[in-house]
Structure formats: C-alpha cells, structure tokens
Amino acid sequence: RAMELPPGHFPAARAAALAVGYLRYLRGGPGCALQLRELRRARRQDIDDVGHKYYLELELEDVLDKDRTVSCTAEVLYHLGSKSSAPDVQLTVQGELRSTEEADKEFYNRIRSLEKELVAENIPDSHGNVPPELEPIHLLAWVASGYLIWQNSTENTNFHLAQVKHVKQVKRNDEDLQFDFVVLLHEMVSQELLPWEVTLLWHPQRGTRVAQS
Amino acid sequence: ANMKLILIFSALIGASLCLETFVGHQVLRIKTKNEEEVKQLQLLESLEHLQLDFWINPSAPALPVDVRIPAASVQSVKAFLESQGIQYSILIEDLQDVLDKERQDMIESAQRQRSSSSFDFGSYHTLEDINAELDHLASEYSFVEKIQIGESYEKRPLYVLKFSTGGSNRPAIWLDAGIHSREWVTQASALWIANKIASDYGTDEFVTSLLDKMDLFLLPVANPDGFVYTHTSNRMWRKTRSKIPGSVCVGVDPNRNWDAGFGGPGASNWPCSDSYHGPSANSEVEVKSVVDFIKNHGNFKAFLTLHSYSQLLMYPYGYKCTRPDDYAELESLGRAAASSIRSLYGTTFQVGTICNTIYQASGGSIDWSYDNGIKYSFAFELRDTGRYGFLLPANQILPAAKETWLGLKKIMEHVKN
Numbered sequence: 001r002a003m004e005l006p007p008g009h010f011p012a013a014r015a016a017a018l019a020v021g022y023l024r025y026l027r028g029g030p031g032c033a034l035q036l037r038e039l040r041r042a043r044r045q046d047i048d049d050v051g052h053k054y055y056l057e058l059e060l061e062d063v064l065d066k067d068r069t070v071s072c073t074a075e076v077l078y079h080l081g082s083k084s085s086a087p088d089v090q091l092t093v094q095g096e097l098r099s100t101e102e103a104d105k106e107f108y109n110r111i112r113s114l115e116k117e118l119v120a121e122n123i124p125d126s127h128g129n130v131p132p133e134l135e136p137i138h139l140l141a142w143v144a145s146g147y148l149i150w151q152n153s154t155e156n157t158n159f160h161l162a163q164v165k166h167v168k169q170v171k172r173n174d175e176d177l178q179f180d181f182v183v184l185l186h187e188m189v190s191q192e193l194l195p196w197e198v199t200l201l202w203h204p205q206r207g208t209r210v211a212q213s
Numbered sequence: 001a002n003m004k005l006i007l008i009f010s011a012l013i014g015a016s017l018c019l020e021t022f023v024g025h026q027v028l029r030i031k032t033k034n035e036e037e038v039k040q041l042q043l044l045e046s047l048e049h050l051q052l053d054f055w056i057n058p059s060a061p062a063l064p065v066d067v068r069i070p071a072a073s074v075q076s077v078k079a080f081l082e083s084q085g086i087q088y089s090i091l092i093e094d095l096q097d098v099l100d101k102e103r104q105d106m107i108e109s110a111q112r113q114r115s116s117s118s119f120d121f122g123s124y125h126t127l128e129d130i131n132a133e134l135d136h137l138a139s140e141y142s143f144v145e146k147i148q149i150g151e152s153y154e155k156r157p158l159y160v161l162k163f164s165t166g167g168s169n170r171p172a173i174w175l176d177a178g179i180h181s182r183e184w185v186t187q188a189s190a191l192w193i194a195n196k197i198a199s200d201y202g203t204d205e206f207v208t209s210l211l212d213k214m215d216l217f218l219l220p221v222a223n224p225d226g227f228v229y230t231h232t233s234n235r236m237w238r239k240t241r242s243k244i245p246g247s248v249c250v251g252v253d254p255n256r257n258w259d260a261g262f263g264g265p266g267a268s269n270w271p272c273s274d275s276y277h278g279p280s281a282n283s284e285v286e287v288k289s290v291v292d293f294i295k296n297h298g299n300f301k302a303f304l305t306l307h308s309y310s311q312l313l314m315y316p317y318g319y320k321c322t323r324p325d326d327y328a329e330l331e332s333l334g335r336a337a338a339s340s341i342r343s344l345y346g347t348t349f350q351v352g353t354i355c356n357t358i359y360q361a362s363g364g365s366i367d368w369s370y371d372n373g374i375k376y377s378f379a380f381e382l383r384d385t386g387r388y389g390f391l392l393p394a395n396q397i398l399p400a401a402k403e404t405w406l407g408l409k410k411i412m413e414h415v416k417n
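Listed in order, the protein sequences are those of chains A and B. Per the UniProt record's numbering, the first sequence starts with residue 1, numbered consecutively. Per the UniProt record's numbering, the second sequence starts with residue 1, numbered consecutively.
Check the hints yourself; a few may be wrong.
Now the in silico label distances, taken between C-beta atoms and shown as ranges [as the list claims (entries may be wrong)]:
1. 123(B) x 99(A): 52 to 58 Å
2. 68(A) x 245(B): 51 to 57 Å
3. 117(A) x 94(B): 56 to 62 Å
4. 129(A) x 232(B): 15 to 21 Å
5. 133(A) x 93(B): 42 to 48 Å
6. 57(A) x 147(B): 46 to 52 Å
7. 101(B) x 94(A): 49 to 55 Å
If you are wondering where the hints come from, they were derived from the structure by calculation, not from laboratory data. Built from N, CA and C at the ideal position, the CB exists for glycine as well.
Chain A with its partners taken away, still in its complex shape (with noise of 0.2 Å):
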C-alpha cells in the first residue's frame, strides 16, 4: 500500500528533510549536530481523510566528525488540509551519538562566567566563516530552526538554516542558558529568505526548549 519513491526527487528529499530538522531539536546541541549523508530509502502511503504518511531510511553523519555516522528510521505525516497543525514525526535512531558532556559542561561554564551577555550577528558571515567560540551558537541556532522547520513544513516546503542573523544572551535567575535569535531560514521551493525570531532555553542535562515569538 506504500508506493515506493526515488530518493532523489523532491518528495523524498523534503520528508527527509522535515525528519533531519525535527531529529535535530531533539538531540542537538552545542557540541553536537546531525546532518543528511544519505536518504538510503523512502515509500510513501496516502490515507485517506489523514494526509501523506513518509517512511524513511537515513543515514546521518555527525557534522564536528564526518567518520560518525548513525542510521535513522522516520514516519513523517502531513497532515491533509490543516495549515496550523504540524507534521507529526517518529524517529528511531540506530547507533551511538558521541558523548558531548564535556564540551556542554564547558560551553555551560563559559557563558555563565561572562560578565556581558553575548551577542553576535552574521553567522556564518558572507565569506562562510564562523570563529571557533560561536560554533556551539550556531549549533544551538541549528536546534532552534529544527523546531522552526518541524512547526512550519509541508510536502511544498524544504526550509534550511541560512543564517543566524543576530543572537543575544539573555541571563536569567535559574539555572538554563537563553538565547534569543533573529534566524534567517531559506525556503528552497519559494526561494524565499524568511526571518524568524525565536527563543532557546538550553541546560546540560535537561537539554533543549524553544519558545517561538
């Protein structure tokens, strides 16, 4: 009942996509990000009065260690007609994801110890350069528009993270990071460059949420 799709042409690719962006606000952080190595597999079911149903093969390389590689399973549904509800999407992951606690830990300890908060802008800048301090920022950014991207996708988007626009620290009484970001996602089937802003509360061990404005 699953029409088998080639993994090159768009359908798939933008499933895929979707599943890459939502597995990235869940297990991403600032001393870690996943990205696409391979689409291996994808078939795709109509239901009728329920949407589009994508199951997917993937296989994923650790961004910081192109030799990491994890394979993932994913369901994603598009849901028929509703605009305001997003895909719902099931992941499985096989493989272990390296260990980051002590680049978190030490991430956490520096901007905690920063008398000013950070703020920075254009990153990447034009020329793709990201100084070494700011990567786990751009990492944490990458979280961010993974929940961005999961909330806002349908079969006629393929939303990736061009640029962080402009990030600001801001310190609170409890024990998360927040950062509050302008992100400028690009919208590959509109070719739209579309800014959003959003709010990331991140913790070492209790990980990862996102306040969308």
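Put chain B on the given structure of chain A with help from the hints.
Just chain B, lined up with the frame of chain A:
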C-alpha cells in the same frame, strides 16, 4: 701542543680543495673553558690551508666559537679538539642540506609571492577584482579573449571569456555562473575553471583536443548588479536589480525569465517574490543579452549553467514534468558526470530532470536552450547540501571547483565526440 697542531694539520694541506659546494661541511660550536683553550683555537684559526671559516672568532673563554669546517678537515679537527679535551657540539651536520632547503624555501616563497600578487582562486572576490582577472587571463593567453555581450540593468558590462584557437564560428560550448547572485561558489568556481582551461591548453590532452575542435564561451558573472548588491547591501540577494513598474519591490528572478513555459507553475507573479518571473519573457537585459548572443552565434552544442546549493545535476525540463526526447542520453551522461564528480572527494550529486529533482519551475535557462536546439543542456547545483548553503566557506571553493570541473569535462568530452 702547538707543534702537535701543526703536525696534524699540515698533512691536510694537500687535501684542501677549492670546493664549489658545501657538501659535508660541518659547523661546530666550541665551548672553551679557559684562556689556554682560546689560544689553541686562535692557532687553529691561523692555519689558512685548513680553510676554516670562523663565524664567531675565538676571543674570550666565556664566548662560544662557531666554525665552518670543510668536509675534508672535519674528522681531523674533531680529533684534535677531543685530544685537547675541548668541548664542542655540532650546530650543522651538513651545510649543503641546509642551503638546499633554504633555496627551496625561497623558490616556494617566490612562487607564493607571484601567485599572491595575482589572483587567489581560493577566496571570494569583488566584481572589480574578478573583471581585472578576466583582463589578466585575456592578456596572458593568445586564445583567450574578453568580449562584452551586453550591459546589465545598472549598466555594468556583461563580460564573456571566449576560448578559441581558430576556425570560423566553430561549434561551441556555453558555460555561465552567478545568474543568482547569492550563489557565490559559482562565480568563484567559474574563475578557477577559466584559469584551468587556459593554463591546460597545450599540456592537457583533453583540453587541447577540445579547444582544437570547439570554442568555449564562459560568463562568470551573469548577474553583476545582483552580485555587487550581495557585497554592498544584502548577501542573500538572488534576483536582478531592475525597477518594476508599479511596485516598491526590486528585481526579477533571472532564471524564471527565459522564454520556456514563461509564467507557468513554479514562478511567482508577485514582484516582491524571490522567484518573480518578471513582466514578460526576456524582460531582463541580463537574460536577453545571452539569448541574443547565442541565437546570433547559431552554433552552440552545449549550454551549461552553475548554481548553488544542493548538489544536483539536472537536465530539462523544469517547466513541465514530462521527459525530454533525449531523456535516456541526458540521464546517462548526467550519471557519468556525477560519477566523475564523486571520484575526487566523494561528493554526491543527485541526477534527474529539474521537475523531478528539485521542483517544477518555469522560465528556466536550460529549458530555453534545449527547446532551441541545444541538446546538451545541464544545470549544476554545487556544494553543499545545507550546512552552510549559500555561505559556503572559502576553503571549499577549490574542492568545489575541481570536482565540478570533472563533471563538466565528462559532458564536454561527450559533446566533442
């Protein structure tokens, strides 16, 4: 002690050669402990036939004495120092090695100097610098000519490099980059490719045989107004910079403006959209100039265009989702080209029609060229797949250009034959 000295070293008079190299010469650092030892060394210094070259002369016990010793004398001098209990260490084991390395360093530095005072293909440049490099290539190679095929909306020249070793209107290949100005890796890659072709002619078998039969026309900055705008105002600008009557928004998507399914699905009729097709086909002078040039030439066999990002190698159609007549051949050639690309760094490109691979998009350039008789029409989307997107780090320019070149070569090879 003095007599001993003279006896030992007089034997070496005959052995001292007039050396033209410093092979086997050693430099010793001698640490004298007292005045007596200093005097010994001063005596040594006086024996001219040894051809000892003191870099630091013996003067006082506290100061080291550095001396260059010709190969023939090395063992004897050491034997002498040891027999006198004078401490020394070897500063330089073989002076010629040091000199050779130094010479090599200087040559490399001079090369770097020469290449840094000319164009650095591994970084991003302004339009001025790119145009200067086009002039440089045209002046350096007799078969490379810079021609102007028109002007942009803001009156910037549209410069094309013509590669031609002779003949009259030979069958030709078209290659353009930067039609979407924010796709910086494409203009940068086009420059590297231009230099590669120019410098490979005469030495590389393929390039030589190609240019002996065909001409190549390369437009590295197809949208100069947009390109300047990405430098001065908005790095993410895609379109031209033309004023649109009745709108506050500026610019037309030049790859929705060609006369191929113009105004159909996959292009917007809203002027503020990044995929706005424009008021009419060829309304953009940047597009019209290329159309006119290619039509007037009349003998193009291939039309190749560079975009970024996504790592795709596509052929027609975009405006309709039906297969072109030459589907089988184009698919097969596309796969071969993608294979070549992958052979260098493992970068994978997906192959297919525009409509299947990325989206339905009307008014695109390779659809126009294909429908106008240019069978080998391909569009490349270069690195990466979204990690940096349009903001590809400069250190990826050369790898991107090199792998892309392999793909282009595969296609050109097929076209040539």
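These are the hints, each one checked on the structure:
Taken as a hint, the range 52 to 58 Å is violated for the pair residue 123(B) and residue 99(A), whose Cβ atoms sit roughly 36 Å apart. Judged by the Cβ atoms, the range 51 to 57 Å given for residue 68(A) and residue 245(B) holds: they are separated by roughly 55 Å. Residue 117(A) and residue 94(B) have their C-beta atoms about 60 Å apart, which keeps the hinted 56 to 62 Å range intact. The hinted range of 15 to 21 Å is satisfied by residue 129(A) and residue 232(B), whose Cβ atoms lie roughly 19 Å apart.
For residue 133(A) and residue 93(B), the Cβ-Cβ distance of about 44 Å falls inside the hinted range of 42 to 48 Å, so the restraint holds. Between residue 57(A) and residue 147(B), the C-beta spacing of about 51 Å keeps the proposed range 46 to 52 Å intact. About 52 Å separates the C-beta atoms of residue 101(B) and residue 94(A), a value consistent with the hinted range of 49 to 55 Å.
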